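These protein sequence lines map, in sequence, to chains A, B, C, D, E, F, G, H, I and J.
Counting in this note's numbering, the final residue of the first sequence is number 132, and the numbers go up one at a time with none missing.
Counting in this note's numbering, the final residue of the second sequence is number 132, and the numbers go up one at a time with none missing.
Counting in this note's numbering, the final residue of the third sequence is number 132, and the numbers go up one at a time with none missing.
Counting in this note's numbering, the final residue of the fourth sequence is number 132, and the numbers go up one at a time with none missing.
Counting in this note's numbering, the final residue of the fifth sequence is number 132, and the numbers go up one at a time with none missing.
Counting in this note's numbering, the final residue of the sixth sequence is number 132, and the numbers go up one at a time with none missing.
Counting in this note's numbering, the final residue of the seventh sequence is number 132, and the numbers go up one at a time with none missing.
Counting in this note's numbering, the final residue of the eighth sequence is number 132, and the numbers go up one at a time with none missing.
Counting in this note's numbering, the final residue of the ninth sequence is number 132, and the numbers go up one at a time with none missing.
Counting in this note's numbering, the final residue of the tenth sequence is number 132, and the numbers go up one at a time with none missing.
You may find that some hints are simply not true.
[Stated by the list, open to error] Below, computed lysine to aspartate or glutamate pairings styled on EDC-like, alpha-carbon distance capped at 16 Å:
| no. | chain 1 | residue 1 | chain 2 | residue 2 |
| --- | --- | --- | --- | --- |
| 1 | F | K130 | G | D102 |
| 2 | A | K(-1) | I | E47 |
| 3 | F | K2 | D | E110 |
| 4 | H | K2 | H | E47 |
| 5 | I | K130 | B | E47 |
| 6 | D | K130 | E | E110 |
| 7 | G | K5 | H | E92 |
| 8 | B | K2 | C | E47 |
| 9 | C | K130 | A | D31 |
| 10 | D | K(-1) | C | E47 |
| 11 | J | K37 | J | D11 |
| 12 | I | K130 | B | D102 |
| 13 | I | K130 | B | D46 |
| 14 | D | K130 | E | E91 |
| 15 | F | K114 | E | D102 |
| 16 | E | K130 | D | D46 |
| 17 | C | K32 | C | E47 |
| 18 | J | K2 | B | E47 |
| 19 | H | K5 | G | E91 |
| 20 | G | K130 | F | D106 |
| 21 | J | K2 | B | D102 |
| 22 | A | K5 | A | E(-10) |
| 23 | J | K5 | I | E47 |
| 24 | I | K2 | I | E(-11) |
| 25 | A | K32 | C | E47 |
| 26 | E | K2 | G | D102 |
Calculated from the structure, these hints are not laboratory results.
All values reported here derive from a predicted model rather than from experimental measurement.
10 protein chains.
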Amino acid sequence: MISNREEVTQLILSAKVRKGIKWGAVADVVGLSKEWTTAACLGQMTFDKEQAEKVGELFGLSDEAIAWLQVAPYKGSLPTAVPTDPLLYRWYEIVSVYGTTIKELIHEEFGDGIMSAIDFSMDINREEDPKGDRVNVVLSGKFLPYKTY
Amino acid sequence: MISNREEVTQLILSAKVRKGIKWGAVADVVGLSKEWTTAACLGQMTFDKEQAEKVGELFGLSDEAIAWLQVAPYKGSLPTAVPTDPLLYRWYEIVSVYGTTIKELIHEEFGDGIMSAIDFSMDINREEDPKGDRVNVVLSGKFLPYKTY
Amino acid sequence: MISNREEVTQLILSAKVRKGIKWGAVADVVGLSKEWTTAACLGQMTFDKEQAEKVGELFGLSDEAIAWLQVAPYKGSLPTAVPTDPLLYRWYEIVSVYGTTIKELIHEEFGDGIMSAIDFSMDINREEDPKGDRVNVVLSGKFLPYKTY
Amino acid sequence: MISNREEVTQLILSAKVRKGIKWGAVADVVGLSKEWTTAACLGQMTFDKEQAEKVGELFGLSDEAIAWLQVAPYKGSLPTAVPTDPLLYRWYEIVSVYGTTIKELIHEEFGDGIMSAIDFSMDINREEDPKGDRVNVVLSGKFLPYKTY
Amino acid sequence: MISNREEVTQLILSAKVRKGIKWGAVADVVGLSKEWTTAACLGQMTFDKEQAEKVGELFGLSDEAIAWLQVAPYKGSLPTAVPTDPLLYRWYEIVSVYGTTIKELIHEEFGDGIMSAIDFSMDINREEDPKGDRVNVVLSGKFLPYKTY
Amino acid sequence: MISNREEVTQLILSAKVRKGIKWGAVADVVGLSKEWTTAACLGQMTFDKEQAEKVGELFGLSDEAIAWLQVAPYKGSLPTAVPTDPLLYRWYEIVSVYGTTIKELIHEEFGDGIMSAIDFSMDINREEDPKGDRVNVVLSGKFLPYKTY
Amino acid sequence: MISNREEVTQLILSAKVRKGIKWGAVADVVGLSKEWTTAACLGQMTFDKEQAEKVGELFGLSDEAIAWLQVAPYKGSLPTAVPTDPLLYRWYEIVSVYGTTIKELIHEEFGDGIMSAIDFSMDINREEDPKGDRVNVVLSGKFLPYKTY
Amino acid sequence: MISNREEVTQLILSAKVRKGIKWGAVADVVGLSKEWTTAACLGQMTFDKEQAEKVGELFGLSDEAIAWLQVAPYKGSLPTAVPTDPLLYRWYEIVSVYGTTIKELIHEEFGDGIMSAIDFSMDINREEDPKGDRVNVVLSGKFLPYKTY
Amino acid sequence: MISNREEVTQLILSAKVRKGIKWGAVADVVGLSKEWTTAACLGQMTFDKEQAEKVGELFGLSDEAIAWLQVAPYKGSLPTAVPTDPLLYRWYEIVSVYGTTIKELIHEEFGDGIMSAIDFSMDINREEDPKGDRVNVVLSGKFLPYKTY
Amino acid sequence: MISNREEVTQLILSAKVRKGIKWGAVADVVGLSKEWTTAACLGQMTFDKEQAEKVGELFGLSDEAIAWLQVAPYKGSLPTAVPTDPLLYRWYEIVSVYGTTIKELIHEEFGDGIMSAIDFSMDINREEDPKGDRVNVVLSGKFLPYKTY
């Protein structure tokens, strides 16, 4: 009996290590970006039926698990409000240190509103650099102005 | 008497509103990007002497305030661990929802290590889109592999 | 010297009690709903120049305060993550008790996505009832589907 | 052995996914609104004997589970004080951003007191809109004035 | 300039110590119970005009302070979620140790619902006892059943 | 193997629902008040041998579980510092809103000290009222003055 | 204007450093132990009129401050729930490491109940030791058994 | 398979209740004080081989469990930073209320430094008293002066 | 089925106690420092294939566990933000007490930037001392200057 | 009027920036290491009379401020339990990531006990390195074994 999506994420992670599957390969099977596909496998996005079946076949999941992949999950992937993992903490730190800067510059350019985290995409790539390669990340979110009424 | 950088940030913010100065204009005076310059004005980066004097002149700061601009500040710009402001919360949410995805994909590409938040730059721009303009943000951080010893 | 919007909110609240002004009257002067206008006066929304001047005149604010009313504020109006005030706590409780219900029903009707809190309006009214009048609140937020990419 | 209502909620959620049951269909069987019925299935309300038996039949629950559906549960459906799920966070954000506004307007209309979260109902519907459909939610709670004694 | 009720509470507490006024005497002047009157003086209840003027005269408050006494305050009188003061902690402890007991017994007697903290009164008295006098507190709150809809 | 009292509480709650036992009936068997008996069954008080055996017989507990009922438990019955359950939250709210009032009035009557939560009893009853029945709770705790030394 | 006891504690601490007064000397003037007297000066106990006047004279306090010394204070002397100061942390650590031990041994000797922190005294002394002098602390608190009713 | 000391503590507690063993008897077998022995059994101290074997025999532990008793445990015996159990809370309260007093008096007698919680012993005894027996606790910790360098 | 690295750490710790293996011996087998090797065994670093196989053989791990040793783990080894274990707390205390000192001195020597915790090594040794041996720890982290852009 | 050491730290920091004094120069004047001297100036250590006067002269402090420098301060230099400043966070991260490693290795070498943070010294230096200079920190703390009694 599976009673939440988290259990399916555990099944996927376990199968991934046992079978040595790469996220890039999962994305190829699903036919979407590696960012969205990985997030969905990690229990943060909802697959449609066809995608869920492909993912299920790749990881060897039961029909019940495949059904859960099509249910909108309770999102949020971190165990604590401030992440302890150093890679993730650096992202939290960017929000902490640059937070007010981001806010000022978006408002200066667009006025009052937000950058959507729903109508949003992310692209993570290697940026070659003779002084040491860099992680290059492009975030693109629709600007949503505050509505006046 | 000024006893911390935060007080200088308050002076800058107050002068900015009174004088109607734009962050873009400050960056032009300093000669660096609007992202770094704004972060520095908001108390997150350290100006060198020449930069501090230009900023001081623009905002009408005292010599004591200008001296504080050259002291490495205690960083972190948000009043609470989880920001309440909706624009900033969306960034926190991206880290929360996509956190494990970011971690998996960076490790898959680079191995164990982190994306630096120090040897780091950020570029925020308007991305025109007929369905509604988007905020486009490019983050670039050096990959730092965990050292074995 | 004013260095944040919060100080302007304090000035408005103080003037409101001294002068006995009603929020409904402020809304009439501004020409928008009482909900949006009150939120803006309480430091959660941004006035345009004309609105800010009307509000400034009504509450007797300085030019500097009026300038701050036109700056996008750091939002979030509660002093603690879980509000102690009983009226506000009941709203928090609705989110706590009905949270998973709201999530299930929106997803059942719309699929995975959210109800926007930005492209959003709220209308609070008295609902007469012989067993005791009721507070009737209508919330309307655009449904934003999660983007696949 | 079942020792709390949460375990019954897990059984219902698991059966719901396996059997592909909709909340609307459960509400039809119970004969009450989809909002109250879903909340009750999710462990936030108490069924009477007849309702519990109908729900038990639909989801294939044991007699022991059906008995637990008739016990007043420990309420509160969220795993953390500030919800991480984006759909739920937006509701928390509405309370955070509009909290003081809601408080001011209810007091202006009704005097000191609260809007009940017990003598309360909620109605969630699709509001068709050419610019994108909206989630329309009507909350109705009895006003309870503070008693003087 | 007074910008919140808390400042008025400070004025009352200061005057109370300077003038040696007893809460019982304030209640006599206001014409209500000592429990409600003290709570109102401590910024938790709203006075009407006549009451506020009597309280203002007794403590020597300004017209502005008297106006604030008639504004519904942001309630919650404790500086931390778990009170450090031993007298108050014992009350928190009663809720902590007897909480589930209170819940079980009210539900057993009344069914699902709550004891109101709004339609509520409290009476604190000395209970003489040869083994040491006792504090006797009577709490009376209307039972509010959960509404089915 | 049972390694803490909490497990015995789970056994009692499970048996109570399966067998449809009322707390009042347990109190009759034990020969003490329903308040103390319920608290003890919920893992907050210590039974003596005779009481534990009666309780064990009623709920069908093993000898090991009966032995644990005679061990002083780690007390505190709530899963979070601020309870999410609405019935329990109202009690927390009474402490929050009336806390400073309770403190002032006990000190005014008794001087510095506390109302004991150990030499303490509680009595919960229905108070019939034509406008809706009320929950009437009498708390009685010995006043303990601070010792001077 | 003084509006809380904390301000008087600040006045005492400031005068103590300026005048070089020792706690032992304050205790001699008051005629009680150094432990109780120091706690009272630090805002944790209530002086009677005569004691307050002696303390007021010693530290040069105003009549208003002396009046506040006779008001039962809001107790709890630490700025955070877990103290950061190393000397105080070691005491917190003793409670953390030995907590369950203390509980087991008091219950084994006395049955279920507590050691009072109100009918309580503390005595701190130097214990000479050739391997390094020790701090010797004697705590004495009345055992209060849980009442059955 | 045992993977942490906590599991061994659970085994000891379970055997203690089943077999009706007293902590005093354990201390006699180990040949050390009841305070140290109990703390060690509760997973806060490290037994040597001979002691561990004696304890293992008394409680009927496996060789693997006996091996774990000789491993330095992760210390800290309380489930929450502020303990909810009333007996333990009183100890926390003593640190909270008397904390600054303890700090002042140790510094007045010894200068800057701490009372060790490592080179430390505790002795808990019954203090007979006609007004009600008392818990008498003697704490002895080496004074450690802050090193200058 | 293994679904996270933590489970492998538990297997290693259990085998270590059962087999009486020393960390120094593990380091010898792996051919790296005892500090890095221990951290990796405790789930904080990533082994390469050859290292993982050696560790697996030593502790008797399955192929699946050995595969997990080569996956970059979610780092952070402490159960709470402020560690309760006394040995670990002292390290937290050093950061707390000396934190601002460390910051000032690194900035005075190097300018604004950080000491890397990634390009980092640690060496822990016994420092013999007639007054009692000392723990000598050498930390070496690359200085990373904040980038200007 | 100065009522705590924190105010003196603010005076020192303000004077340091105004006068451009280096920590190394303060250490030379005091005649101790730069680490201890800086910590003391930042309110974490206690100066003796002679040292305090030298420091007072250098920073231009009043006699009252100089008196406060000789009072043992309430220690802990960070504004939040988890520091937001990146330089300090890296230190917190070292404790978080390497915490269990440090514990295991100290216990393996010394047995159960701690590394003292009181009988402790720290030495921070530049370590020249062609791949980028490093921060080299030597921590030396006396090992304190847990006492058996």
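Consistency of the hints with the structure:
| no. | hint | verdict |
| --- | --- | --- |
| 1 | F:K130 <-> G:D102 | holds, 5 Å |
| 2 | A:K(-1) <-> I:E47 | holds, 11 Å |
| 3 | F:K2 <-> D:E110 | violated, 48 Å |
| 4 | H:K2 <-> H:E47 | violated, 21 Å |
| 5 | I:K130 <-> B:E47 | violated, 25 Å |
| 6 | D:K130 <-> E:E110 | violated, 26 Å |
| 7 | G:K5 <-> H:E92 | holds, 10 Å |
| 8 | B:K2 <-> C:E47 | holds, 10 Å |
| 9 | C:K130 <-> A:D31 | holds, 13 Å |
| 10 | D:K(-1) <-> C:E47 | violated, 59 Å |
| 11 | J:K37 <-> J:D11 | holds, 10 Å |
| 12 | I:K130 <-> B:D102 | holds, 5 Å |
| 13 | I:K130 <-> B:D46 | violated, 26 Å |
| 14 | D:K130 <-> E:E91 | violated, 26 Å |
| 15 | F:K114 <-> E:D102 | holds, 11 Å |
| 16 | E:K130 <-> D:D46 | violated, 26 Å |
| 17 | C:K32 <-> C:E47 | holds, 12 Å |
| 18 | J:K2 <-> B:E47 | holds, 10 Å |
| 19 | H:K5 <-> G:E91 | holds, 8 Å |
| 20 | G:K130 <-> F:D106 | holds, 14 Å |
| 21 | J:K2 <-> B:D102 | violated, 32 Å |
| 22 | A:K5 <-> A:E(-10) | violated, 20 Å |
| 23 | J:K5 <-> I:E47 | violated, 56 Å |
| 24 | I:K2 <-> I:E(-11) | violated, 20 Å |
| 25 | A:K32 <-> C:E47 | violated, 58 Å |
| 26 | E:K2 <-> G:D102 | violated, 32 Å |
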